[in-house]
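**Student:** Chain by chain, the residues:
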Amino acid sequence: MTKSYGSGTGKTQVLRGVSLDVEKGELLALVGQSGSGKSTLLNIIGGLDEPDTGEIEVLGIDTLKAGDAKRAKMRNQSIGFVFQAFNLLDHLDVLKNVTIPASFSSGGDDANARGTEALRRVGLAEFAHRRPSELSGGQKQRVAIARALFNSPTLLLCDEPTGSLDSDTGKEVISFLRELNAKDGVTMVIVTHERRVSSVAKRVIQMKDGLITEGSDEHSPEKPGESESHA
Amino acid sequence: MMPVGKLSRMVVRNTLRSPRHFILSAFGIVIGIGAFVLFLALTQRAGETLEKVFPLNEVEVVAPRVAVGTVDASKHLDNDVVKTIATRPEVASAVPRLNLAFPSAGRGSFEGTDLKFEVGGFADGVDASFVQDDDRIKELFKDWDALPNDPNRIACEPPPPDPEGDILQSPRAPKKSKIPLAPASPPAAGSGSASGSAAGSGSNVAAGSGAGSGSGSAVVIVQTPPPKQTYFNPCPNPDRYYCDDTERMCKHRVPVVMSSTVVELYNNQFAKSHGMPMADENLVNFLIQTRGLSAMRFSIGLNATTVAGSRMAKKQWRRVEAVVVGVSSRAMRIGVTMPIQYIERWNKEFVNEDAASNFSSIIVKLKDRNQLAPFSSWLVDKQGLRLEDSQGERFATVIFVIRLLFLIISIAILVISIINIGHNFFIQVSERKREIGIMRAVGATETDVQLIVLGEAALIGIVGGLIGVGLAWAIGATWNYYAASAIPRFPFKPDSWFDFKTWIWGSALGFSTLFCILGGYLPARRAAKMPPASALAQQ
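So the sequence lines, in the order shown, correspond to chains E and R.
Each step along the first sequence adds one to the number in the working numbering, with nothing skipped, and position 192 is 192.
Each step along the second sequence adds one to the number in the working numbering, with nothing skipped, and position 243 is 243.
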């Protein structure tokens, strides 16, 4: 698929023809320099953006044809997002941040209980009623992960999850994500430019100037290599 | 779409989060709605007061004045014309009105003060069935002289004439049964100046001149103590009967009604300056109830021209007695109204047959005031008659224009506040871009985002509208409180200057909410259409 931003002379081709299959239960790393199109690819997978041309199917849903309501439901129920900038709402406390997906679906009387459980999983149960501004970067990212896990998604999309963290905290987050993939079988696509992150991936996709340049490489010697990508 | 309960909670939470935004956006709405409600309530009250003074579905038919040479060739308004008009489909009722066609003067006393006033030009007659305001009027407002075999109509000794040749005041009944009112304060004006001004103005009132221009000139107050009385009303049932000078028989006093305008005029023109008690409709009724009907009795000198000075001299005149039986909306606006038969007999006696059968006007009540136009054109084209210029119609137009003007002002304020709200929300939406992106990422649809923004706008509309209505009410209450003491009494001065009808504040709240939603529409659309990825890209 292809994607460009802007128009006329200011037009930037971000994706020039990308094909990619991600297997269920996979932990995939998208690496490349900034501007290579990896975040755009991630957003398209998550239904936050649309390609100009091409087709896409996520969790059995053709997201281009599905319509806004169906895509929103998919994001709400089946996909979790983790961003570099954490993207927490400062006016809500930690628990409310975690349970915010419940606002956009019916039911959910047990939202607080499930939110507390999600916070317990990331080790922040006692911070439920703090404001995000009172937390450290690593804690904020764990809150964001708890929010992503709130509806027990089958697909987790992470955009530079360690980009704003120091190396120790980054390590913690990475090992948590890896464990999540291994134990719960959550499919993950992680955009990163850090080697230590891509090193935990089962497969690494290298992107450059809107094209996939490499489908696997030496960064992950233990990689199973059972799936393929096309540039 | 997200559930309504969750939507409402989120809207309230978002609104409470940024009170500054709320205040900035709501301010214009509060002012606009406040003005809207206040203006409408004020003009509503004005319209109601007007309706009280000039019933709008009632019109008066008159004959245009036509003269051929010196001969009056105007069309006669007789019983046939009344019948023709009454058969029109748009007409509910048509009754003739007949003015007293010759000069007459009245004399009575009110609270110990001697009152003299013009009656000619200030008296008319209508059919008794037309005046039915309350039970007392229904019982008493009729042609008593036509009553056959009235047992009270017995021979009697009439009172001696007034020593000064003036119209004699109605003599008292022998026994005292009056309940005294609170004593009136001493008269302010001296008798000299009062009678002096009366001498000049009395002649202004020409016979048959119709409802008066200057009402003040029609009454003279002579501040002299009443002479010691030796003659008492000898008639049975003296509350209602008097001894007639010419017939030397006991007769029922002529029942008259007066309009609330007269009561108001009395209050404003005389009561204050002469230290007399304020009257209102209720006081008149109270007086009649507590002191008996005779409390409001007075004498009429039929064909007596002047009210003070050397006066009536050569002319043949006679005295009858009348009594106010109540306040009626049907009474002549300035003057007294009695059953038409009295006027017919007197016009015939003192003028001629023609004056008794050619009505002054015909009062037509329409089934619906919207039928005025077809009725009017029929009247002009087919009957050669016309409608008397209705002051009510003119005032109603003025009030309509004022109301329209006020509405335009309020709506202009509201439109400006909508633009303001739209502007504020555009700023807010771009400030909250990231928040909107996050909501989209966790499952908000475009509709959800739009509803959240519109909900916040609607909340501003509801709360702003409520505050605006409250503000209008508070200003109204303050004004009423202030006006009650600071603004002098005037005819039909209301206790409350505003009528906050349910439809007024109801529509204000509706408009306020609707307008705010309109103002928030474009920003809400922009928020909804924002691609979530680029919304999230904002740091």
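Calculated from the structure, these hints are not laboratory results.
One or more of the hints may lead you astray.
Partner residues are not named here, just some residues of chain E that face chain R (Cβ under 7 Å, in silico) [stated by the list, open to error]:
1. ASN43
2. ALA69
3. ALA72
4. ARG75
5. SER78
6. GLN84
7. LEU89
8. ASP93
9. PRO101
10. SER103
11. PHE104
12. SER175
13. PHE176
Chain E residues, not near chain R, derived (Cβ > 10 Å throughout) [as the list claims (entries may be wrong)]:
14. GLY25
15. ASP49
16. LYS65
17. LYS73
18. ILE100
19. ASP110
20. ALA113
21. ARG114
22. THR116
23. ARG121
24. ARG147
25. GLY185
26. HIS193
27. THR213
Quick reminder that beta carbons are idealized off the backbone N, C-alpha and C, glycines included.
**Student:** Determine for every hint whether it applies to the structure shown.
**Tutor:** The hints, checked one at a time:
1. ASN43: Holds, because the Cβ-Cβ distance from E:ASN43 to chain R comes to roughly 4 Å (cut-off 7 Å).
2. ALA69: 5 Å, holds
3. ALA72: With a minimum Cβ separation of about 4 Å from chain R (threshold 7 Å), the hint on E:ALA72 holds.
4. ARG75: 5 Å, holds
5. SER78: Constraint on E:SER78 not satisfied, violated at 10 Å.
6. GLN84: 9 Å, violated
7. LEU89: Hint on E:LEU89: holds, closest Cβ of chain R at ~6 Å, below 7 Å.
8. ASP93: With Cβ-Cβ at 12 Å, over 7 Å, it is violated.
9. PRO101: 4 Å, holds
10. SER103: Holds, because the Cβ-Cβ distance from E:SER103 to chain R comes to roughly 5 Å (cut-off 7 Å).
11. PHE104: Since chain R brings a Cβ to about 4 Å from E:PHE104, closer than 7 Å, the hint holds.
12. SER175: Because about 24 Å separates E:SER175 from the closest Cβ in chain R, which is outside the 7 Å limit, the hint is violated.
13. PHE176: Where the cut-off is 7 Å and the nearest Cβ of chain R is about 20 Å from E:PHE176, the hint is violated.
14. GLY25: Answer for E:GLY25: holds, closest chain R Cβ roughly 23 Å.
15. ASP49: 4 Å, violated
16. LYS65: 16 Å, holds
17. LYS73: With a cut-off of 10 Å, E:LYS73 comes too close to chain R, as the shortest Cβ separation is near 7 Å.
18. ILE100: 6 Å, violated
19. ASP110: E:ASP110 clear of chain R: closest Cβ-Cβ about 14 Å, beyond 10 Å.
20. ALA113: The claim holds: E:ALA113 sits with its nearest Cβ about 17 Å from chain R, beyond 10 Å.
21. ARG114: 14 Å, holds
22. THR116: Given that every Cβ of chain R is farther than 10 Å from that of E:THR116, nearest at about 18 Å, it holds.
23. ARG121: Answer for E:ARG121: holds, closest chain R Cβ roughly 18 Å.
24. ARG147: 7 Å, violated
25. GLY185: 22 Å, holds
26. HIS193: 17 Å, holds
27. THR213: 23 Å, holds
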